[in-house]
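A.B. asks: Each chain, written out:
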Amino acid sequence: MTTQLTPPASTSAPASPGVEAPAPGASAAELVARRRKGYSLEGDFYTSQEVYDLDVDVVFSKNWIFVAAAAEIPEAGDFVTVDVGKASVIVVRDDDDEIAAFHNVCRHRGSRLLEDKGFVGNIVCPYHRWTYALDGSLLHAESQPPTFDKTCFSLRKVHVRNLAGLVFICLAPEAPADFDEVAKIVEPHLLPYQLDKAKVARQVDLPEAGNWKLVMENNRECYHCDGHPELISAYFPIFAYDEEDITPRLKPLYDRYTKAADALAEKRREQGTPLADHMQLDTRQVGFQLTHLPLDGEGKSFAANGAAVCSKLIGEVKDAAFGDLSLHMQPNSWFHFLGDHAVVFSVMPTSPSTSVLRTTWLVHPDAEEGVDYDLEALCTVWNATNDQDRVLVTNTQIGCSDPSYVPGPYSMVEDQVEGFVNWYVTRLREHLGVEATA
Amino acid sequence: MTTQLTPPASTSAPASPGVEAPAPGASAAELVARRRKGYSLEGDFYTSQEVYDLDVDVVFSKNWIFVAAAAEIPEAGDFVTVDVGKASVIVVRDDDDEIAAFHNVCRHRGSRLLEDKGFVGNIVCPYHRWTYALDGSLLHAESQPPTFDKTCFSLRKVHVRNLAGLVFICLAPEAPADFDEVAKIVEPHLLPYQLDKAKVARQVDLPEAGNWKLVMENNRECYHCDGHPELISAYFPIFAYDEEDITPRLKPLYDRYTKAADALAEKRREQGTPLADHMQLDTRQVGFQLTHLPLDGEGKSFAANGAAVCSKLIGEVKDAAFGDLSLHMQPNSWFHFLGDHAVVFSVMPTSPSTSVLRTTWLVHPDAEEGVDYDLEALCTVWNATNDQDRVLVTNTQIGCSDPSYVPGPYSMVEDQVEGFVNWYVTRLREHLGVEATA
Amino acid sequence: MTTQLTPPASTSAPASPGVEAPAPGASAAELVARRRKGYSLEGDFYTSQEVYDLDVDVVFSKNWIFVAAAAEIPEAGDFVTVDVGKASVIVVRDDDDEIAAFHNVCRHRGSRLLEDKGFVGNIVCPYHRWTYALDGSLLHAESQPPTFDKTCFSLRKVHVRNLAGLVFICLAPEAPADFDEVAKIVEPHLLPYQLDKAKVARQVDLPEAGNWKLVMENNRECYHCDGHPELISAYFPIFAYDEEDITPRLKPLYDRYTKAADALAEKRREQGTPLADHMQLDTRQVGFQLTHLPLDGEGKSFAANGAAVCSKLIGEVKDAAFGDLSLHMQPNSWFHFLGDHAVVFSVMPTSPSTSVLRTTWLVHPDAEEGVDYDLEALCTVWNATNDQDRVLVTNTQIGCSDPSYVPGPYSMVEDQVEGFVNWYVTRLREHLGVEATA
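Protein chains in written order, with the numbering used here: chain A, 1 to 438; chain B, 1 to 438; chain C, 1 to 438.
Hints listed in this document are in silico derivations from the structure and should not be mistaken for laboratory results.
Check the hints yourself; a few may be wrong.
Copies of the same chain are indistinguishable here, so a pair counts whether it falls within one copy or spans any two.
Cross-link-like lysine-lysine pairs, in silico, DSS-like; alpha carbons within 30 Å at most [what the hints assert, rightly or not]:
no., residue 1, residue 2
1, 267, 62
2, 86, 312
3, 197, 312
4, 86, 37
5, 37, 318
6, 312, 117
7, 318, 150
8, 267, 251
9, 37, 312
10, 157, 37
11, 37, 150
12, 199, 150
13, 157, 197
14, 62, 318
15, 157, 259
16, 62, 251
17, 267, 197
18, 37, 251
19, 251, 199
Pulled out of the complex, with its shape left as it was, chain A reads as follows (with noise of 0.2 Å):
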């Protein structure tokens, strides 16, 4: 007989020395409290119910976030739906074509209005047929006593801007004032791209099966990139380098670069738009990311060797090799302006360990699917990378969800991270009135 009776073994704690889990259910104060800089963030902002709901009436409620294209309501009457939490909001291109925001509740017994999108004359209640104009006035109540004020029941209102086409909304009473000076600085670059003009060829909503900071942070950074191999190849794939990094190895990739940016930069001034880049992430409450890159081989979009993926310009770009615009809002968008196309990016919460991606692909109003680009061509590369990033996202929501995860440093190339974090932290502390003891 050969097997051996189990050898008599420690029973004290296994040799993890220093590495203790965070003690389980802090309430948010403590965990924005104590929030340690460089580090991850610790389990329980992905998974309590309690930080989640105050990621939705604060910093999802309280904030401008990007709900839309300007481009998605065209015509007078034209409205999405969008839900923030257990809102919803009916965002509507109005009889003067000003695009107003309204709470999608009937203000009699509170039904939902509308439904996802399309179009309508009057907004008309499913119930009982309460009516209201675009301008949210009710116009029309059935059986009312003379004593009814029909002037007390409008909808109720959602501050919007329209920044070059981007719809932003805040739900709170008061919006912050900043994101008129962010506008001013960010719009002079979008202008080329006429995105209020642009036509959308197509949208797509991706569930995630993580926190939506989750989904945010992944996007912060190419750490990850190498899972990517569809969104590098148009990449120089010196990402985020310095210049110190850059070996003799990497020298001719490096003046190749170089040669690419500085001819970008020339073509952008001939288009009379601005060239400076504006890194604003955690420096302000409507912070930003905006970011001009120089595209590797064609140097035009997003398909291999950097060719373009729509014969048609955008807008009035006028040289297809214009580079790549990167934007970044926070709390929930990104941006990426080409020039043949723009694809942007909005990520909801839609609970503690859920939320949804929602990618919209834009081209120029006169671009012919089937002749000026093919639908399936346009948006391989970033269906592809949300994919590949959604089970990133799912690995990582596991993972923090487990009792031993400990908040891990953040490596050299993940300063953007940090970035959106500590604009996230700062906005809970603010909220909360908690000063960082970390």
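With the hints as your guide, set chains B and C onto chain A.
C.D. replies: Same frame as chain A, but now just chains B and C:
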């Protein structure tokens, strides 16, 4: 370039003066105290777990609730089971032909005893074969010590009443005493229909994506009946009109209605049954409402133009044009009794945001499917109506869950909704010892 | 008209004297304090989130739990993952052929590392490629600053023991010390079966719609075994009888049983393995029970009439009629070792009302499917038995959730259920610092 910069916009509160969503997260006691008369309930009534638990523990467990037609269990040993929250009750015809009710839980280790409906000789636990008689007494349990006293382990009884063929139960130790007074009023109206001897033609359970109160409130008004083309075809379209609402254009219709009402009264007098309506929705604990309505066209039943749906009249009814006797019993049921059939409804809560509507069609015991009635035709109107209402309830559940929902005023034709809500709020106020503050 | 008015009926409490459901919503501390000896547990033990969290955090995290057969990971790099509540543990055969266990969470940003089971050279995080050796040490992490110290970011270790081929883990910093004492008692009994070298013939995960304790309690008694025709065909039908229970009619059967038991004892003596039974279910922290049972008919295995299901005997067993060595280890496992195969069971909690039963069949490493055994035949008895028990557990979970459930008395043949419950309640009392009050 034509795109304009966003015009500077005010960041102050959108103009919805005087509209403020109630503070969220109120306790049930606060909610019932501040309920405003004449206005729909706050959203938390339809979403909070605390309110739901009270609804189950107070409204559905301390009041008489309608659970079955006696015709569902015609023979000794026939049983149905009924879920009330997490409780299950066996309603069984016992060996004396009386209806008995027991908790559906084994007195040994708690196994569920019976599922759904069926026939049993004794009630035998599927786990360890403990065997109970139809009067609930424990007949047999294996492997017990000599000290074991079977008489201590009878099934736990539940109050039950058979009101002219309608079975009500009450889970509380003390059931509301005024059920008998109400039964004395209601029962003579029901005798012609002989429900205890009726035949069940069909039973349908419809899952609702809404709180049980929304299903009841929906049934308490016809303000939304434009959405029920099948249902309203049999009714006079001046339902709930006062005489002063009758315009010259409506006069011929009104005269037809008056004539039909008089004829109906005469027929009920001939049949020897009472004529009076009763409206006691919120003036007693066993709240109810009983109304005699003539039908339009042939005046017989729910088919188009008031035609009959069963050629054999129900019970001892002598004339097919016997009108619609409509009964509502707080908190969870309504009934329509016609010359050719009856249809009975119960609503059971299953979660804050879901419930089940059970509809049962009853006909004369000798009526034969395919000969005296076509089953689809018999059920057409209420299957269609229930499904139309299901969509409205779903929309209202979603809208009432929106944090921006504010209770709105009832119209002049929603007085029975107010009657339901008053009764409901009174029950919770009594239970919680809370006075009205609004 | 024959229908009678409802007779006046008492509205007082139904007659179930002395039966009162325990007050709902008790804390775990109250529940364990008032637990009544000899009676089944109160319903809240099977439904409350607080109790479930304690079950995971105390019962499953501070005790040794059975998680795998060592035969599942025969080679270095073979691993399985195990979920304990929200924690996941990697159990891996390391390069020294020892079994190691680590938390399945990356030390960077918390991604889950490995899924399900498989083989790895190193453990590589799918997110940013942090790479760990099979001893848990961090081998490589990209883009780190010079201050980064890899030795601080090893995988976190988990206690692990290999008891003669059965793998147990303990998540607590300090594991219960008496595991080694128990191992000394148990291991000699298991040596003939050589489980560490066995082959896994099949593994089945069965989701249970019941609390894990109901699954365990169900396994601890044969009071319900009438419902297991496949299982009981191999056992003597006087299981758990005392000598005084042997009536003259049972005497021939009893004599056959006695003869089989004596023959089995002789065979174990010849094989040089111990004979004694051990019943320590609730008398120590590492509670266990070990029983040698002869089988009826051919006396070999679980097929009809006690026939064998594998022609190659397991391990070093020399005689097919080697009886059934039955082992139970608190809190979550039981085992049957027969002459021709072994079958091992673990129960893991997944929510208050759900759990997973894992069953693994082991045979001699040289036994060939289709030659030495038919896979379906090997698994017939326990697949059928598990499924039959699953229905019973489901019914009991539903019934125990009913507010009218009252704990009932255990019969004379449910003493091992009491042993399981005592052990369990003792663990919670110790943890909560609570004395018994009942």
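A.B. asks: 30 Å Cα cut-off: does residue 267 pair with residue 251 within a copy, between copies, both or neither?
C.D. replies: within (24 Å within a copy, 79 Å between copies)
A.B. asks: Under a CA distance limit of 30 Å, which applies to residue 197 and residue 312: within one copy, between copies, both, or neither?
C.D. replies: Classified as within: same-chain Cα gap 14 Å, cross-chain 68 Å, threshold 30 Å.
A.B. asks: When no copy is specified for residue 251 and residue 199, does a C-alpha distance of 30 Å or less occur within a copy, between copies, both, or neither?
C.D. replies: Answer is neither: 41 Å inside a copy and 56 Å across each miss the 30 Å cutoff.
A.B. asks: Check residue 199 against residue 150 for me: Cα-Cα at most 30 Å, and say if that holds within a copy, between copies, both or neither.
C.D. replies: neither (38 Å within a copy, 51 Å between copies)
A.B. asks: Go through the copies and call it for residue 62 and residue 251: within, between, both or neither, with a Cα cutoff of 30 Å.
C.D. replies: Intra 47 Å, inter 57 Å, cutoff 30 Å: neither.
A.B. asks: How do residue 86 and residue 312 come out at 30 Å by Cα distance, when the copy is not named: within, between, both, or neither?
C.D. replies: This pair counts as neither: shortest intra-copy Cα distance 40 Å, inter-copy 51 Å.
A.B. asks: When no copy is specified for residue 312 and residue 117, does a C-alpha distance of 30 Å or less occur within a copy, between copies, both, or neither?
C.D. replies: Intra 27 Å, inter 50 Å, cutoff 30 Å: intra-copy only.
A.B. asks: Checking an output row: residue 267 and residue 62, CA cutoff 30 Å. Within, between, both or neither?
C.D. replies: neither (39 Å within a copy, 66 Å between copies)
A.B. asks: Evaluate residue 37 and residue 150 at a C-alpha cut-off of 30 Å and name the case that applies: within, between, both or neither.
C.D. replies: Between. Shortest inter-copy distance 19 Å satisfies the 30 Å Cα cut-off; intra-copy 53 Å does not.
A.B. asks: When no copy is named, should residue 157 and residue 37 be tagged within, between, both, or neither for a Cα gap of at most 30 Å?
C.D. replies: Answer is between: at 26 Å across copies they meet the 30 Å cutoff, but 39 Å inside does not.
A.B. asks: Is the C-alpha distance from residue 37 to residue 318 at most 30 Å within one copy, between copies, in both cases, or in neither?
C.D. replies: neither (44 Å within a copy, 65 Å between copies)
A.B. asks: Regarding residue 37 and residue 251, is the shortest C-alpha distance of 30 Å or less found within a copy, between copies, in both, or in neither?
C.D. replies: Answer is neither; intra-copy 34 Å and inter-copy 78 Å both fail.
The structure does not agree with the numbered hints 1, 2, 5, 7, 9, 12, 14, 15, 16, 18 and 19 stated previously, though it agrees with the rest.
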